[in-house]
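S.K.: Sequence:
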Amino acid sequence: MKTRFLLPCLFLFLIIQNGNAQDNKAIDYRNFPIVVTLQFQAFAMPFKDLKSNFKNVGIGIGTEVSHNSYHNWVQKFDITWFRNKAMGNGLLFSTQVAWRPYLVSNSYSEIKAGIGYHIAFRPTESFIQKDGAWKSVQKQGKGMLAIPIGVSLGYHDYQSETFVSPFVGYQVMFLKNYNKSIPVVPMTFVQMGTRIHPFYPDLTQN
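Read left to right, the sequence shown gives residues -21 to -1, 1 to 185 (mature numbering (1 follows the signal peptide of the UniProt record, and there is no 0)).
Heads up, some of the hints might be wrong.
[Stated by the list, open to error] Below, computed lysine-lysine pairings styled on DSS-like, alpha-carbon distance capped at 27 Å:
| no. | residue 1 | residue 2 |
| --- | --- | --- |
| 1 | 55 | 91 |
| 2 | 91 | 155 |
| 3 | 121 | 159 |
| 4 | 27 | 159 |
| 5 | 27 | 121 |
| 6 | 155 | 30 |
| 7 | 155 | 121 |
| 8 | 155 | 34 |
| 9 | 155 | 64 |
| 10 | 121 | 64 |
| 11 | 55 | 121 |
| 12 | 55 | 159 |
| 13 | 30 | 64 |
| 14 | 27 | 64 |
| 15 | 91 | 34 |
| 16 | 155 | 55 |
| 17 | 30 | 91 |
| 18 | 34 | 121 |
| 19 | 121 | 91 |
| 20 | 91 | 27 |
| 21 | 27 | 155 |
Honestly, the hints are just simulated from the structure, not real lab data. Here the structure is a predicted model, which means the values were calculated and not measured.
Please model the complete structure; the sequences and the hints are all you need to start from.
M.R.: Take a look at the structure:
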């Protein structure tokens, strides 16, 4: 009963805080920041065996665009590569919509979801049978539809010059058609990163 009561209250609190933040702020966002992340990946159910994530390290690079000139609704675009010696490395291209209600001062939470294309590479050299003979396909990758969903906490203090916004996050991603026996496979990421908001001069001004 407590959980059923607390969750709606938390959701209402986020909406109120987000509304107050918009009322008290002018435009507080600059499009096309450089988003750099460390990604710790694991093939695991959500929130299970978190320590296994830190065995597989990756990096991500991306950018984003605001839907409303504020920081609270953005479209993210990311490319992520990670190393997994046991299961094979991976390369992910994704886009997500993120909602970022402000919490206290300049801190914020984030809820995001989207779609992507994941290329999974084999961990070792593999072979396929063709024309009655076994032929090597090296570590050739396989592309799959990916559905990423995540949450984050971060700090965003808008400045007129170049500034950074650090954040930490947790993301679950579902892969379709990973293999014939398991049609959908979950993958998790612990994320640590920053958004670098460069100062872009207005080149239209004389």
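S.K.: The structure should be examined with respect to each hint, and the outcome stated for every one.
M.R.: To see whether the hints hold, each was checked on the structure:
{"no.": "1", "hint": "55 <-> 91", "in the structure": "holds, 9 Å"}
{"no.": "2", "hint": "91 <-> 155", "in the structure": "holds, 19 Å"}
{"no.": "3", "hint": "121 <-> 159", "in the structure": "holds, 13 Å"}
{"no.": "4", "hint": "27 <-> 159", "in the structure": "holds, 24 Å"}
{"no.": "5", "hint": "27 <-> 121", "in the structure": "holds, 26 Å"}
{"no.": "6", "hint": "155 <-> 30", "in the structure": "holds, 25 Å"}
{"no.": "7", "hint": "155 <-> 121", "in the structure": "holds, 11 Å"}
{"no.": "8", "hint": "155 <-> 34", "in the structure": "holds, 24 Å"}
{"no.": "9", "hint": "155 <-> 64", "in the structure": "holds, 21 Å"}
{"no.": "10", "hint": "121 <-> 64", "in the structure": "holds, 16 Å"}
{"no.": "11", "hint": "55 <-> 121", "in the structure": "holds, 24 Å"}
{"no.": "12", "hint": "55 <-> 159", "in the structure": "violated, 31 Å"}
{"no.": "13", "hint": "30 <-> 64", "in the structure": "holds, 16 Å"}
{"no.": "14", "hint": "27 <-> 64", "in the structure": "holds, 20 Å"}
{"no.": "15", "hint": "91 <-> 34", "in the structure": "holds, 25 Å"}
{"no.": "16", "hint": "155 <-> 55", "in the structure": "holds, 21 Å"}
{"no.": "17", "hint": "30 <-> 91", "in the structure": "holds, 23 Å"}
{"no.": "18", "hint": "34 <-> 121", "in the structure": "holds, 22 Å"}
{"no.": "19", "hint": "121 <-> 91", "in the structure": "holds, 25 Å"}
{"no.": "20", "hint": "91 <-> 27", "in the structure": "holds, 20 Å"}
{"no.": "21", "hint": "27 <-> 155", "in the structure": "holds, 20 Å"}
Checked against the numbered hints given earlier, this structure breaks only hint 12.
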